[in-house]
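Asks: Sequence:
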Amino acid sequence: MDKTYQPAAIERRWYDRWEQAGHFSAAGDGAPYCIMIPPPNVTGTLHMGHAFQDTIMDALTRYHRMRGDRTLWQPGTDHAGIATQMVVERQLATQGLSRLELGREAFLARVWEWKEQSGNTIQQQLRRMGSSVDWSRERFTMDEGLSQAVIEAFVRLHDEGLIYRGKRLVNWDPVLHTALSDLEVLSAEEDGHMWHFRYPLADGSAHVVVATTRPETMLGDTAVAVHPEDPRYADLVGKSIRLPLTDREIPIIADDYVDPEFGTGCVKITPAHDFNDYEVGTRHALPLINIFTIDAALNENAPAPYRGLGRYAARERVVADLDAAGLLERIDPHKLMVPRGDRSGEVVEPYLTDQWFVRAGPLAKPAIEAVESGRIRFIPENWDKTYYEWMHNIQDWCISRQLWWGHRIPAWYDDDGNVFVGRTEAEVRARHGLAAETALRQDEDVLDTWFSSALWPFSTLGWPAATPELQTFYPTSVLVTGFDIIFFWVARMIMMGIKFMGDVPFREVYIHGLIRDQEGQKMSKSKGNVLDPLDLIDGTDLESLVAKRTTGLMQPHLAPKIEEATRKQFPDGIPEFGTDALRFTFAALASNGRDIRFDLNRIEGYRNFCNKLWNAARYVLLNVEGAEIAAAGTEPSSLPDRWIRSRLGKTIAEVTMQIGQYRLDLATRALYEFTWNEYCDWYLELSKPILQGAGDAAEKAATRATLTTVLETLLRCLHPLVPFITEEIWQRVAPFTGRTTDGASIMRQPYPEATDFPGDEDAERELDWVQRFVLGIRQIRGEMDIAPGKPLPVFLQDANANDQALLGKHERYLMELARLETIAVLPAGEDPPPSATALLGTMKILVPMAGLIDVAAERARLNKNRERVSTGLQRVAGKLANEKFRANAPAEVIAKEEQKFAGMEQEIGQIDEQLARLDALD
RNA sequence: AGGCGCGUAGCUCAGUUGGUUAGAGCGCCACGUUGACAUCGUGGAGGUCGUUGGUUCGAUUCCAAUCGCGCCUACCA
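Residues 2 to 923 in my numbering are what the first sequence spells out, letter by letter.
FYI, nobody ran anything at the bench for these hints, they're computed from the structure. Since we're looking at a predicted model, the values are computed, not measured. For every residue, glycine included, the Cβ atom is placed at its ideal position computed from N, Cα and C. One or more of the hints may lead you astray.
Below, simulated SDA-like cross-link-like pairs (lysine to any residue); rule was C-alpha separation at most 25 Å, straight line [to be verified]: (1) LYS386 to ARG71; (2) LYS897 to GLY852; (3) LYS523 to GLY661.
Ranges of calculated distance between the beta carbons of each label pair, as one might list FRET restraints [said to hold, decoys possible]: (4) ARG157 to GLU438: 44 to 50 Å; (5) ALA878 to LEU922: 40 to 46 Å; (6) GLU428 to THR741: 38 to 44 Å; (7) THR122 to PRO288: 25 to 31 Å; (8) LYS689 to ALA888: 49 to 55 Å; (9) ARG376 to LYS689: 53 to 59 Å.
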């Protein structure tokens, strides 16, 4: 084995072998366990969030597979309609081409081409992460099978009246020329203005003042509204306004939508261009005047001077014209929430169009109940509030998109505008008795990508066919995802799953936190703070990192700033850490739903952990190769053997429990601490006096068995988190535990059981004594500045029978680990030489000062300890003196405090004794 | 406006149903390299657990208020 852990060398070796051996496929007849990967965008790349999520899913998958479950981690990607279409359109634009010039079919061919070309990046990255997904079952939302599922779902929902087509106000992206669902619109506060206009009454008797943030929409006003109980305007209701700049008269209406406290209490109503106004318009049967084209320029419904102007140009013109007419009262600066398309970044326009909608109410009801009844559990559970909040206020879902890339809507129109829905044109004709001569044309639009994603948990398993996979794996076990996607995806999967499968799509939803950068900023391309997981795995130099962060920016002017920040933060680039270290880091940081600041120091620490494990294995192998090893099942004889097995059992129990409740961070910590602080720091050190001493062969053989058994078991425990290094070491170590590794893999070995390593309290108590003995000496050594290698003579004073018995049994460990020259028990009554002291219960461990220790230093050291104990003592004494404490606290708490008190009192007594002895020296 | 979360050592974070002398890693200080590992070892320093009240014999933990930060949802023209 190499002297240091070299991740690149070992990680490349294993993935292909696992895959070729078919280890990723569900096998056996255990309980089914299934995780659906949240499908990433097929043309995208894996970012830190994915890598984190994939680590969690892979750890769970490997864990359950080792536990003997029939485990499937289902991979795949989605087609990301808008995003992908935009990318390809941008590519075309660089060649001076547009989608419209190319035509639908040719364009789609280009998209498929792009998908083929870039579409396997994610797959390669997943492989590098060690993800044990079943590639043989990989799916893509635009696959034949999944497309069938989409059509089937659409037709069934339509047949039940749960999908309808209607002219509604929707969020319109004037750049992409498509409708968007509410969720694809992001609102953010921006600086704007509030314009106040005078609207004259038709009879010329007066005017009202209305305020607006969007002056151009006044050209589409069809009413002015006031609150029905507003005394200021009560006599105006029913009168008319002469709408300026137009030749229209519009009514003044009363509606309690108006807040009389806000502004003037008069509101202009533009039903065709504002969601609230639309509602008001519906209630009052107001006409809808659409004044915009699909580009958000003014159309022929606007007065002639404004036609053809873009909305912002029109705004300036309207304001100027009203000002010229003396109708501009004032302009105030105003902050307002501006809705923008999440893809185009353009301000979306409420726009009246024909769209397809899913009636959400009836689907939401059982989906809410599924969570309320506990059939689906959120982890952490408070996310259910977010879910309920949205589900109780759910709006109908606009599912049609005016795009080409996606599932074409299975609806056909005849020349009279009648619409027919069916799985195919043939079916439509058959169902509706349409003659072959009747011309039919299919709806031009496609479905929202999330519509197909909502079917993912069952479409990937073969639905609508009743496949064995569906039978076996649905409902799936757990969904692992980020909170940002609860509405987009989680809620919709639950609705569709219950609708079409009659059962929930998953039993648990594990919501993890967001990966942020070192400063706690969200990672994003435009901030230039993204990290590619592969750069952490393989390392990268500064120039490559700068290049990666500054190319392909949406806002190229940010490049210099990003470059500067990157050079500052990573002056030497990023070193190679390896996949296992990255995974261990993610797991260690995966505490309950909390966001994660990704810190390079942390991953470095876990790479060091891998190195530690690696070297522990080196030590074990060096000591067992070619040597006699006790047969499996031989009773451990030595204290260290009994102790480490006991500790291992408890660690397994802890890890198993923590994984069971999705606390990968705590599972990780238990493993880290066992490996480093117990196995390496103590057990390996304790094995040295046995193996290197002149002890008997049987004991050595038993120690070798424990060395290998514990390591082999530990590797299996760690494997779900760090698959590569554990496989590599396991292949070398397992044969020494009587296992065959011919063609075997650790990933198909059983997960360790705590019951195989029962607790041994006697051994733990005895070893604790040994440890405290050694630590006492080390402390003196450390604080007295005595060379670590210098052998020390030691006297024991007031050693009781137990101490003497333990000393008799374990002296060799003390000698070795504490680097001692001699240990002598002082007979009762005999005065010890001047010494530095450590306390172990009632016993004093004395290191004679002779030339080694400075009296003043030892006095200071003792005083420091005395101080510390004394503070604790006062605290406990205060408690015990409190009558109420004695009266109310449980007996065991009181007993514990009393014990503590006695212990500390004794300790102080001993310290004082030593101090007195030192004084006597002066 | 409503909802959720966070505030513990210089930094990043644990802290299970109230009872620990409040922990870990990194960083820091001192010493150390014939040894499985310097990607290491040994020892050490470092915290009035955001603030203020309350409940309690006892609060980092429960409750209320408050300050600061973050996120989500919905928004008044």
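Asks: If a hint holds in the structure, say so; if it does not, say that too.
Replies: Cross-check of the supplied hints:
This hinted pair does not check out: LYS386 and ARG71 have alpha carbons roughly 33 Å apart, beyond 25 Å. Pair hint LYS897 plus GLY852 does not hold up; C-alpha atoms about 42 Å apart against a cutoff of 25 Å. Proposed proximity of LYS523 and GLY661 is contradicted: the alpha carbons are some 29 Å apart, above 25 Å. For the pair ARG157 and GLU438, the beta carbons lie near 29 Å from each other, so the given range of 44 to 50 Å is not met.
In this structure the supplied range 40 to 46 Å is violated for ALA878 paired with LEU922, their Cβ-Cβ distance being about 31 Å. Distance hint check: the CB atoms of GLU428 and THR741 are about 58 Å apart, inconsistent with the given range 38 to 44 Å. For THR122 and PRO288, the Cβ-Cβ distance of about 52 Å falls outside the hinted range of 25 to 31 Å, so the restraint is violated. Under the hint 49 to 55 Å, the C-beta atoms of LYS689 and ALA888, about 54 Å apart, fit the expected range.
As the Cβ distance of ARG376 to LYS689 is approximately 55 Å, the hint placing it in 53 to 59 Å holds.
When held up to the earlier numbered hints, the structure conflicts with 1, 2, 3, 4, 5, 6 and 7 and fits the remainder.
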